[in-house]
Amino acid sequence: MMQDRKQPPKWADRLLEWYCQPRLLEDLQGDLYERYERHLDKQGATWAALRYIWDVIRFIRPYTMRRSKAGHARSTGLMLSNYFKTSYRSLIKQRINSIVTISGLALGFSTFTLLCLYVNDELKYDRYLPNADRIYRVTMSYTSGSSSEHTAWSEPTVGQALQDRYPEIEAHVALVDEKLTARAHNRVFREENFYYTTPGFFDVFPYEFEIGGVEPAFTPGTVVITPGIAKKYFEDKNPLDEVLEIDGKDYRVSGVLQEIPSHTDLKFDALMAVDDLVSYGWSFNFILFRDTGDAKDFQPKLDRTFAETLQKEFDKYDTKGQYHMEALPDVHFGTKKLFDTPKSSRANLYVFSTIALLVLIIAGINYMNISLANATKRKAEVGIRKAVGALNGQLKVQFMIESVLICLAGFTLGAGITVYCLPYLNDIVGKEIHWSEVFSPALLLFLLMVVLLLALGSASYPALYLSSAKPAEILKGKVKRVGNRLLSNTLVVAQFTVSIILMISTILIFRQLELIQSKSLGFDQEQILLVDIPRESTVHSNLAVLKNKLLGYPFVRSASFAGFNSWPTADMDVDVYEVYQDQNWQTKPFNNIDVDEHYFELLDLELVEGRAFTTGDMDGQYSVVIVNQALVDNLGWTNPLEQTVIYENGVESEVIGVVEDFHFNSVRDKIKPILIFPNGRYAEKLLLKIDSEDWWKAIELIESTWKSSIDAHPMEFQFLDQYVQAQYRGEQTMKQVFVYFMGIALSIACLGLFALIALTSSQRLKEIGIRKVLGARMGQLMITLSKDFLLLVAIALLLAIPLAVLGMRVWLNNFVYKTAISFDVFLVAGGTVVLLALFTMSFHIISASRTNPATVLKSE
Amino acid sequence: MKGTNLGEFEELVLLAVAAMQEEAYSLAITDEINKVTGRNITFGVVHSALNRLENKGFLQSEMGGATKARGGRRKRMFTLSVSGKKALLKTKAQRDEFWSMIPQFVFDKL
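Line order of the protein sequences matches chains A and B. Position one of the first sequence corresponds to residue 1 (my numbering), numbered consecutively onward. Position one of the second sequence corresponds to residue 1001 (my numbering), numbered consecutively onward.
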């Protein structure tokens, strides 16, 4: 029977009934039912239902559509052009208001876009390889007693050990970067980003080749270079199979890679294939899992491998070691380890994202507020439209269209500003974001949604309110204001709360970064030249001669040799030592540096106790050591000069001095305990203290002297103060970016206030006129007119302070040395905002109070 | 369209309606056209063409003939109108004239 037969989906039926013209409906629906029955018999219920739905949707055509009222379609078209005309006229009529509204939106949109682009660019790091989620980096930590270290480097053998044991490891690679000299066809340069690597590199990192290829090209003794290096050494020649001499050894160029994307911290210019890196003892180690899921429960296997390989060695020194691993995309954001690649901070990204959202919110609120106030001015127009027969729906459509127009204008202008400002952002943060990314679909879609939401949100209230009021009442002036005061006041408070929060945060962030940068590092960094010394025996035999020659110049005050990472750098070497603490000999890892006898004097390091090194100490016996104050404090030594430090090979070093703490690391961190050993032999840097009026002449002379002693390598040098500054580049960037964006946020808020007060003061012109007639003075008028707004700003201040303090506490916890969240911060922030608000208000109030009362009052 | 000239598809639909006489409702017309021409014209296309032709006055329609398969809904039955007939005849006359102008040997050559 019929009841047993399947029926087409009800909702599709309803859809059809809703849109279809009654004249066509019965027949069409009947036809579709008949088709449904046919499909049901042939292809089954599901298919038939799908076909039915598809049919219903397909019949949504102009000729089948229901027309609500005869002739309505034509009048909508006519009215539409009228709406555009009136919108245009009202925009032109209130020029200042329109400019403020549109530019506020544009600023908000472009700030948001710029910050999004920045954050998005950061998140792209190390994700461009197809197998990025299967690549992991193996790092190592060691702990002894209370102290622990985590290095980005681990044993070069760990990859092989893991692959031998576990089938889920598909490939592994070990890498070591070294500063070295490369030469081809009389072109000689010092290179920083050349990596020695095991032949498995391209199994793990499948970079694409421009010339040549992996199999079997990347064998020990060959080098793969980037296009930049190819151009640098071989110009336009095909570099394939050419010879590149690197650190005195010949390597055959077996391939040229395609340009390496900039989104990686492992920036290499060339890769030299070697059998293994065991002789280096340390390397970056990467492993490739066969499957993404393999990494999940791998930690126990890492531990087991450690137990089977290195445990014994570590047990000897009573130290605990552990392998760790981190996914390649996480490396960019991970906590900085010893000898690590540069990092970004996730906290900063959060801060930036928050600012982006806050600015967008401020711009949104601002727009809502202005358009709300603006609608009040249009009530006469609305009244007349209603009187001549405008339908409520038409009024709503009119407001919506106007709103969408303004938002779109803001959006377009914003996109223009973004494209214009992008090069400046790129310049500040050192990125290469292309302008086309401004128009990426996801971002555009999101912003267009925001535009629509904003337009709908801000248009719906006045539209509903005005369209439901009686025309007579509107025209008589009984409808005073659109929207209640509470709503618009809440919006003003919200806007200012956010602005003040941003302001307080800016001041605190600024102060904190200032504190870090101005904090005395504890050593002299002015007029010091940091000359790079190649790691080669031929060079080292000439160093003494070179130094003597240089000291012969009157402008070279002193010269000092420093060993591995023994100059102000982020990463000092670390080793395990036995020290006496709490009546016990304990094994602990400590940072150590190797310096010669002139080091203390040259860097102006102050000794608290004991003596500095003498020439006699430089015998390579390591029989004496100087420690820093932090080490003394750390171990609780009361008599440091009677202590001895024992290295893992049994060499005992007597403590002969305590040096005052100095910051070699970023001031973000606490000063770490350091052991300073006398050794000028394996120098990696030559520090020169220069005292000269003519720097360039001095450097020229030094360079020519270098050339006469060490011809094989070009001289590379840096100024110590610039080198130190470079370490704070991240902070510097952040400070700049912050200041810009905070400024924008505040100006948007002030733009809003400006427009808002313009509207209210124009509404109160008559009141002002009467007050003036009765003898009010300018000052009194100012107070009367501004006190409402000042109250709102005060409420915003009260709300903002606790919120800002809460947020900033979290951020400040990243630092060891924190700036105080003191009262004057709030005073400055509050004062600035109040002053800005007063300043904006005074414009209107003055112009309102200057008007002749007669002109305002004569018409009623 | 200028004058009363018909498009090829419109002509097909009018011819189908005229040929079917009874039971000429949109679904049946679609089937008929597909059967005769061997094409695969969708229902929607025929439906909109019928609607268009009715607006132009070439077709007339009245409701009638409900079946169970249609959920008790009536069909819209189409019949040719006078101007529809005229349009068809005019098209035919134009074609015939061309046919008469083609000498036999033109076809023989091919």
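Since the hints were derived computationally from the structure, they do not count as laboratory data. Computed from a predicted structure; not experimentally measured. C-beta atoms are modelled at their ideal positions from N, C-alpha and C, and glycine is treated no differently. Be a bit skeptical, because a hint or two may be false.
Think about it this way: if two alpha-carbon atoms lie no more than 20 Å apart in a straight line, the pair counts; the simulated PhoX-like pairs of lysine-lysine are [said to hold, decoys possible]:
#	chain 1	residue 1	chain 2	residue 2
1	A	Lys249	A	Lys232
2	A	Lys549	A	Lys670
3	B	Lys1056	A	Lys42
4	A	Lys707	A	Lys549
5	A	Lys231	A	Lys267
6	B	Lys1068	A	Lys6
7	A	Lys377	A	Lys85
8	A	Lys179	A	Lys267
9	A	Lys336	A	Lys707
10	A	Lys179	A	Lys249
11	A	Lys10	B	Lys1068
12	B	Lys1068	A	Lys42
Using C-beta positions, here's what the derived DEER-type ranges look like [as the list claims (entries may be wrong)]:
#	chain 1	residue 1	chain 2	residue 2	range
13	B	Gly1044	A	Gly44	32 to 40 Å
14	B	Ser1083	A	Met65	20 to 28 Å
15	B	Gly1044	A	Leu452	25 to 33 Å
Some, not all, of what chain B presents toward chain A, calculated at C-beta under 8 Å [unchecked claim]:
#	residue
16	Ser1026
17	Leu1027
18	Arg1039
19	Phe1043
20	Gly1044
21	Ser1048
22	Asn1051
23	Ala1069
24	Arg1070
25	Gly1071
26	Arg1074
27	Lys1090
28	Arg1095
**Prompt:** If you check each hint against the structure, which ones fail?
**Reply:** Failing hints, ascending: 2, 3, 9, 13, 18, 27 and 28.
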